[in-house]
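Generate coordinates for the entire structure from the input sequences, incorporating the hints supplied.
The lines below spell out each chain.
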Amino acid sequence: MKFGIMVSEGPYTHQAADTAYNFIAAALEKGHEIYRVFFYHDGVNNGTRLTTPPQDDRNIVKRWSELAEKHEIDLVLCVAAAQRRGIADADESKRNGKDADNMAPGFRISGLGQLLEASIQADRMVVFGD
Amino acid sequence: MKFGIMVSEGPYTHQAADTAYNFIAAALEKGHEIYRVFFYHDGVNNGTRLTTPPQDDRNIVKRWSELAEKHEIDLVLCVAAAQRRGIADADESKRNGKDADNMAPGFRISGLGQLLEASIQADRMVVFGD
Amino acid sequence: MEETAGEIKKIMYVNRKAPYGTIYALEALEVVLIGAAFEQDVMMIFMDDGVFQLKKEQDTKALGVKNFSPTYRALEMYDVEKIYVEKESMEVRGLTVDDLIIPVEVKSNEEVTKMMGEADVLLNF
Amino acid sequence: MEETAGEIKKIMYVNRKAPYGTIYALEALEVVLIGAAFEQDVMMIFMDDGVFQLKKEQDTKALGVKNFSPTYRALEMYDVEKIYVEKESMEVRGLTVDDLIIPVEVKSNEEVTKMMGEADVLLNF
Amino acid sequence: MLHTVNKSPFDRHSLERCLRTCASGNAILLIEDGVYGGIKGSIIEDKVKDAMKDVKIYALEADVNSRGIKNHIMDGIQLVDYSGFVDLTTEYDKVQSWL
Amino acid sequence: MLHTVNKSPFDRHSLERCLRTCASGNAILLIEDGVYGGIKGSIIEDKVKDAMKDVKIYALEADVNSRGIKNHIMDGIQLVDYSGFVDLTTEYDKVQSWL
Chain A
0 MKFGIMVSEG
10 PYTHQAADTA
20 YNFIAAALEK
30 GHEIYRVFFY
40 HDGVNNGTRL
50 TTPPQDDRNI
60 VKRWSELAEK
70 HEIDLVLCVA
80 AAQRRGIADA
90 DESKRNGKDA
100 DNMAPGFRIS
110 GLGQLLEASI
120 QADRMVVFGD
Chain B
0 MKFGIMVSEG
10 PYTHQAADTA
20 YNFIAAALEK
30 GHEIYRVFFY
40 HDGVNNGTRL
50 TTPPQDDRNI
60 VKRWSELAEK
70 HEIDLVLCVA
80 AAQRRGIADA
90 DESKRNGKDA
100 DNMAPGFRIS
110 GLGQLLEASI
120 QADRMVVFGD
Chain C
0 MEETAGEIKK
10 IMYVNRKAPY
20 GTIYALEALE
30 VVLIGAAFEQ
40 DVMMIFMDDG
50 VFQLKKEQDT
60 KALGVKNFSP
70 TYRALEMYDV
80 EKIYVEKESM
90 EVRGLTVDDL
100 IIPVEVKSNE
110 EVTKMMGEAD
120 VLLNF
Chain D
0 MEETAGEIKK
10 IMYVNRKAPY
20 GTIYALEALE
30 VVLIGAAFEQ
40 DVMMIFMDDG
50 VFQLKKEQDT
60 KALGVKNFSP
70 TYRALEMYDV
80 EKIYVEKESM
90 EVRGLTVDDL
100 IIPVEVKSNE
110 EVTKMMGEAD
120 VLLNF
Chain E
0 MLHTVNKSPF
10 DRHSLERCLR
20 TCASGNAILL
30 IEDGVYGGIK
40 GSIIEDKVKD
50 AMKDVKIYAL
60 EADVNSRGIK
70 NHIMDGIQLV
80 DYSGFVDLTT
90 EYDKVQSWL
Chain F
0 MLHTVNKSPF
10 DRHSLERCLR
20 TCASGNAILL
30 IEDGVYGGIK
40 GSIIEDKVKD
50 AMKDVKIYAL
60 EADVNSRGIK
70 NHIMDGIQLV
80 DYSGFVDLTT
90 EYDKVQSWL
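Protein chains in written order, with numbering that gives the first Met the number 0: chain A, 0 to 129; chain B, 0 to 129; chain C, 0 to 124; chain D, 0 to 124; chain E, 0 to 98; chain F, 0 to 98.
Incorrect hints may appear among the rest.
[To be verified] Here are some chain C residues pointing at chain A (derived, C-beta under 8 angstroms):
hint, residue
1, K8
2, I10
3, I33
4, G34
5, L122
[As the list claims (entries may be wrong)] When the alpha-carbon atoms are kept at most 35 angstroms apart in a straight line, the in silico DSBU-like pairs for lysine-lysine are as follows:
hint, chain 1, residue 1, chain 2, residue 2
6, B, K1, B, K29
7, D, K9, B, K29
8, F, K52, C, K113
9, E, K55, D, K106
[Stated by the list, open to error] Okay, the calculated beta carbon distance ranges per label pair:
hint, chain 1, residue 1, chain 2, residue 2, range
10, E, T89, F, D80, 50 to 60 angstroms
11, D, E75, A, G110, 48 to 58 angstroms
12, B, H70, A, D98, 17 to 27 angstroms
13, C, E109, D, G63, 33 to 43 angstroms
14, E, R19, D, V96, 15 to 25 angstroms
15, B, K1, A, Q120, 49 to 59 angstroms
16, F, D86, D, I101, 36 to 46 angstroms
17, A, N58, B, E71, 33 to 43 angstroms
Hints were generated in silico from the structure; no laboratory data involved.
Here the structure is a predicted model, which is why all the values come from computation and not from measurement.
Every residue, glycine too, gets a C-beta built ideally from N, C-alpha and C.
Here you go:
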């Protein structure tokens with residue numbers, strides 16, 4: 000089956016990002032397809048490469064990046080939500096007149112249409128939030 | 000009177016950062032002293048200069064930076080919380096082996112001791128969170 | 000944008016959170032507005048604290064944030080016409096339809112259950 | 000660090016949130032450990048879902064996060080000895096002191112009210 | 000002692016816990032989504048009224064107005080602005096935030 | 000239709016709202032802090048038991064274990080792992096997350 004996933008909270012503070020990751024890993028293991036993971040609200044904070052979690056803790060951002068690379072999963076950060084919260088790739092950073100960017104590898108920034116499209120294309124839409 | 004403030008949530012998602020700001024502005028207006036604002040948990044996300052809120056919305060981060068400059072207020076981001084969430088000044092960024100930093104002007108990164116110290120030194124401690 | 004034409008899904012936006020205390024209501028509204036371009040069969044249900052989103056007389060001047068409640072009035076222009084409010088959620092909060100900024104269809108909890116059952120996709124905010 | 004010596008304040012850490020679902024419990028514990036160096040008169044109250052922080056038998060292997068509940072056992076070494084749990088909060092959740100990972104003093108809601116009144120500073124997590 | 004409650008009583012249990020735990024002579028300030036606790040005709044009204052015999056209840060005006068419930072606030076709940084919020088924190092010896 | 004509840008019923012009202020709104024034949028999966036809703040001897044137990052006449056209730060094992068409540072889960076609530084969570088989402092036609 001084809002899954003669309005929405006993640007609405009950032010890493011570490013709420014469990015949503017962990018549950019979503021574990022769900023997706025299990026779905027892939029069973030041979031399902033992940034059509035897209037759409038990060039909305041504080042969920043965009045999953046896409047910053049500047050996190051440095053404690054040595055004995057999981058690295059949530061890196062885990063997403065590795066998942067995207069290994070399984071070619073489309074990880075999309077909502078552009079409007081990302082602007083509000085200070086997540087930017089090089090293009091966004093330039094467009095917003097910023098002097099730095101912080102997006103992690105494996106993510107891309109795009110519009111809310113990507114959420115709707117995933118909702119329409121996927122066989123199942125699952126929302127993880129607070 | 001001397002106030003210590005703790006802000007436990009990031010900008011935009013929860014109202015805590017707005018309430019804290021409005022409270023502090025009113026306290027300063029009345030001649031009170033703000034001993035320190037300590038940003039903990041997701042509160043550290045108040046300290047990123049990469050936010051680009053919509054034109055017709057308030058700029059929460061900039062508002063903090065301006066407040067700090069105008070009134071010489073000590074805005075402290077908890078280092079452990081900031082590392083987990085990807086907020087770093089130039090030093091932190093270098094120490095953590097990162098290629099970029101994102102801390103906004105007027106903030107500084109320091110340890111949890113700063114929260115305790117504020118709790119002890121201030122006449123009143125007020126916590127804003129979720 | 001309409002590569003998805005042909006497939007029409009029943010999309011239900013489930014709005015259960017109050018405005019201003021958190022951003023979910025505002026960002027949910029942004030989804031609905033963008034979603035209109037996809038020409039699906041959409042409906043919005045306001046239940047629990049979500050009914051407060053539609054409260055009349057919101058005045059955000061002293062708060063210093065944007066009052067986004069007038070945007071609900073624009074939903075009609077976006078062809079979002081199926082807007083439901085759960086009866087029990089209003090009652091618990093001491094509200095009636097006269098307190099709401101737009102005309103809505105009031106549905107009982109039982110009817111909400113049925114509508115949820117008939118939707119293809121539920122988007123939760 | 001002890002520039003503040005001389006002033007001893009009664010600091011009450013108010014723990015009302017469950018572990019793992021959110022990070023507040025873990026980060027509150029970090030405050031308490033660091034705070035021990037300040038040699039104040041500290042106490043911790045666990046009430047509402049905060050009592051779940053002290054639940055025995057936490058096993059986080061399948062979750063993939065660190066089990067931080069053993070750290071509560073270390074509080075004693077940090078001279079954090081006043082650890083209270085609200086009786087009513089346990090009852091509502093079907094828990095007893097036998098379910099808890101460390102010995103605590105059980106306080107009624109009325110006693111909690113009194114203790115809060117006697118504290119100088121309340122830190123809320 | 001001043002208590003702040005910032006969550007809707009229809010979503011969370013924090014207002015009820017605050018009402019149960021606050022001491023006679025304390026004050027409660029409803030802020031953010033907590034102001035919904037001050038609404039007339041809601042299922043929480045009786046509990047709030049009952050508490051008002053022992054504690055003074057305030058609501059933050061900016062939060063009341065933004066939510067459009069100024070005309071719905073129960074009699075006896077006093078509205079304060081941010082300056083009034085600051086005054087309450089100085090008038091009482093400490094603050095308990097029911098997060 | 001599958002419902003997920005991720006909040007403690009002692010903190011929020013989402014489990015109660017879910018129990019009231021779900022249809023006969025639906026399933027409910029307790030995840031994250033929602034697993035506390037499955038505890039024996041709590042004040043919510045009767046409501047959950049009552050709902051189990053019409054809906055099947057599951058709890059996510061990783062969340063149950065991490066919270067140390069494996070031996071406290073009510074009879075009739077079935078534990079599933081993440082793979083079982085995925086199966087439930089495919090078995091039922093859609094998911095309602097009671098955030």
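Taking the Cβ atom of E75(D) and the Cβ atom of G110(A), is their distance within the range 48 to 58 angstroms?
holds (54 angstroms)
So if I understand the rule, the pair passes when the alpha-carbon distance is 35 angstroms or less; does K9(D) with K29(B) pass?
holds (28 angstroms)
Is it true that N58(A) and E71(B) lie within 33 to 43 angstroms of each other by Cβ?
Since N58(A) and E71(B) have Cβ atoms about 37 angstroms apart, the given range 33 to 43 angstroms holds.
Would the stated hint for G34(C) survive a check requiring a Cβ distance to chain A of less than 8 angstroms?
With a minimum Cβ separation of about 5 angstroms from chain A (threshold 8 angstroms), the hint on G34(C) holds.
Close enough to count: is the Cβ of I10(C) nearer than 8 angstroms to one in chain A?
holds (6 angstroms)
Please test the hint of 15 to 25 angstroms on the beta carbon pair from R19(E) and V96(D).
holds (21 angstroms)
Is 33 to 43 angstroms respected by the C-beta to C-beta distance linking E109(C) and G63(D)?
Because 40 angstroms falls inside the window, the suggested range holds.
Can you verify the interface hint for I33(C): is its Cβ closer than 8 angstroms to any Cβ in chain A?
Holds, because the Cβ-Cβ distance from I33(C) to chain A comes to roughly 4 angstroms (cut-off 8 angstroms).
Please verify whether K55(E) and K106(D) have alpha carbons no more than 35 angstroms apart.
holds (26 angstroms)
Status of the K8(C) interface restraint (C-beta, 8 angstroms, chain A):
Where the cut-off is 8 angstroms and the nearest Cβ of chain A is about 5 angstroms from K8(C), the hint holds.
Is it true that the C-beta distance of K1(B) to Q120(A) lies inside 49 to 59 angstroms, as the hint says?
Distance hint for K1(B), Q120(A) holds at roughly 57 angstroms.
Does the alpha-carbon distance linking K52(F) and K113(C) stay inside the 35 angstroms limit?
Within the cut-off at roughly 19 angstroms; holds.
When the structure is compared with the earlier hints, no violation turns up for any of them.
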